[in-house]
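Given the sequences, and given the hints that come with them, work out the whole structure.
Going down the list, the sequences are from chains A and B.
So the mapping is simple: this note's numbering equals the position in the first sequence, first residue as 1, plus 16.
No gaps in the numbering here: position 20 of the second sequence is 9 in this note's numbering, and each next residue is one more.
None of these hints come from the bench; they were simulated from the model.
Every residue, glycine too, gets a C-beta built ideally from N, C-alpha and C.
Keep in mind that the hints are not guaranteed to be accurate.
Reference listing, derived: stretches of chain B covered by chain A, where coverage requires no fewer than 3 residues with Cβ under 8 Å from a Cβ of chain A [to be verified]:
1. -3 to 7
2. 64 to 71
Label pairs and their calculated CB-CB ranges [as the list claims (entries may be wrong)]:
3. 103(A) - 48(B): 17 to 27 Å
4. 32(A) - 50(B): 25 to 35 Å
5. 20(B) - 45(A): 45 to 55 Å
6. 35(B) - 103(A): 37 to 47 Å
7. 52(B) - 89(A): 15 to 25 Å
8. 35(B) - 165(A): 17 to 27 Å
9. 12(B) - 104(A): 37 to 47 Å
10. 136(A) - 13(B): 45 to 55 Å
11. 121(A) - 8(B): 28 to 38 Å
12. 50(B) - 77(A): 26 to 36 Å
The lines below spell out each chain.
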Amino acid sequence: MSLEQVTKADPPVADDEAMLVRVQREDFSIDEELRRVRARSKRIGGIAIFLGTARDRSKGKDVDGITFEHYEGMAQKKLREIRERALKDFGIIELSILHRYGEIGIGDNIVLIIAGAEHRAEAFQACKWAIDELKQITPIWKLEHTPEGEVWVEEHP
Amino acid sequence: MVTVRLFGMTKMLAGNQGTLALALPDGRRVKDLVAVIEAGYPKIGELLQKKKVLVSVNQDIAHEDLEVQDGDEIALLPPFAGGSDGC
Chain A
17 MSLEQVTKAD PPVADDEAML VRVQREDFSI DEELRRVRAR SKRIGGIAIF
67 LGTARDRSKG KDVDGITFEH YEGMAQKKLR EIRERALKDF GIIELSILHR
117 YGEIGIGDNI VLIIAGAEHR AEAFQACKWA IDELKQITPI WKLEHTPEGE
167 VWVEEHP
Chain B
-10 MVTVRLFGMT KMLAGNQGTL ALALPDGRRV KDLVAVIEAG YPKIGELLQK
40 KKVLVSVNQD IAHEDLEVQD GDEIALLPPF AGGSDGC
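In structure tokens:
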């Protein structure tokens, strides 16, 4: 089934701005979040999506799983700031940012950014800027579980 | 007394305590708070000195001269690592 068919068949998702920026323990549905962004405006003609997932290697070492910790309140505040700046600075129509916390299995979803714009160029630019900025300013920490023990990750590429 | 929230490696370095309750006998600026932490938790103090750990007050990164008020929400923030590794 194509995405277009899914969008038409399913009931509309609540058009709630607060749902566009979330930090949550549970997994998210990319289709559902995509529908939420598309429902914001019929002027959207290009959508860029970034999905970050849990890798089984880090700096040459095996990783069995990851735990994310966040600063409740400040993390959401920073993500809202990123959305607002992206809307203002890149001329896009909508941006959604979701980040998970808690225990994440290898291969599982961690972070989702969806940028909707009239055209692809600004969607790509805003999406890349948003994930880079998220890593710089959002109080979220990563504990990697390795065969040698647990390591708080200090730096990110 | 002020309460300081800990996350990630700072929590680990404080023996897995989520918060520290600290008296500030010699002033109420952020740098006075940092001095108290350095005395009680030298490993966290070292990270604060290197600016690897930042102090936030009311969810904003705080300057060392900021005065801490009763009821302020204070936290020690280790280096952020959101997203997924290498993405």
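Next item on the list: Please test the hint of 17 to 27 Å on the beta carbon pair from residue 103(A) and residue 48(B).
Entry: holds, 21 Å
Notebook entry, point to check: Regarding residue 20(B) and residue 45(A), is the given constraint of 45 to 55 Å on their beta-carbon distance met?
Noted result: holds, 47 Å
Next item on the list: Return holds or violated for the Cβ distance of residue 12(B) and residue 104(A) against the range 37 to 47 Å.
Entry: The hint (37 to 47 Å, Cβ to Cβ) holds, given that residue 12(B) and residue 104(A) are roughly 44 Å apart.
Next item on the list: Using the Cβ atoms, figure out if residue 121(A) sits within 28 to 38 Å of residue 8(B).
Entry: holds, 29 Å
Note to self: Please check whether residue 52(B) and residue 89(A) have a Cβ separation lying inside 15 to 25 Å.
What the structure shows: holds, 21 Å
Item checked: Cβ separation of residue 50(B) and residue 77(A), checked against the hinted range 26 to 36 Å -> holds, 31 Å
Item checked: Verdict on chain A covering the segment -3 to 7 of chain B, where coverage means 3 or more residues with a C-beta closer than 8 Å -> Satisfied; 3 residues make the cut.
Notebook entry, point to check: Does 25 to 35 Å hold as the CB distance between residue 32(A) and residue 50(B), or does it fail?
Noted result: holds, 30 Å
Next item on the list: Count the residues of the segment 64 to 71 of chain B whose CB lies closer than 8 Å to any CB of chain A, then report whether that count reaches three.
Entry: holds (count 7)
Next item on the list: Could you check the hint for me, namely that residue 35(B) and residue 103(A) are 37 to 47 Å apart, CB to CB?
Entry: holds, 40 Å
Check: At the C-beta level, are residue 35(B) and residue 165(A) separated by a distance inside 17 to 27 Å?
Finding: holds, 21 Å
Notebook entry, point to check: Can the suggested window of 45 to 55 Å be confirmed for the beta-carbon pair residue 136(A) and residue 13(B)?
Noted result: Taking Cβ atoms as reference, residue 136(A) and residue 13(B) lie about 54 Å apart, which means the hint holds.
Violated hints: none; the structure is consistent with every hint.
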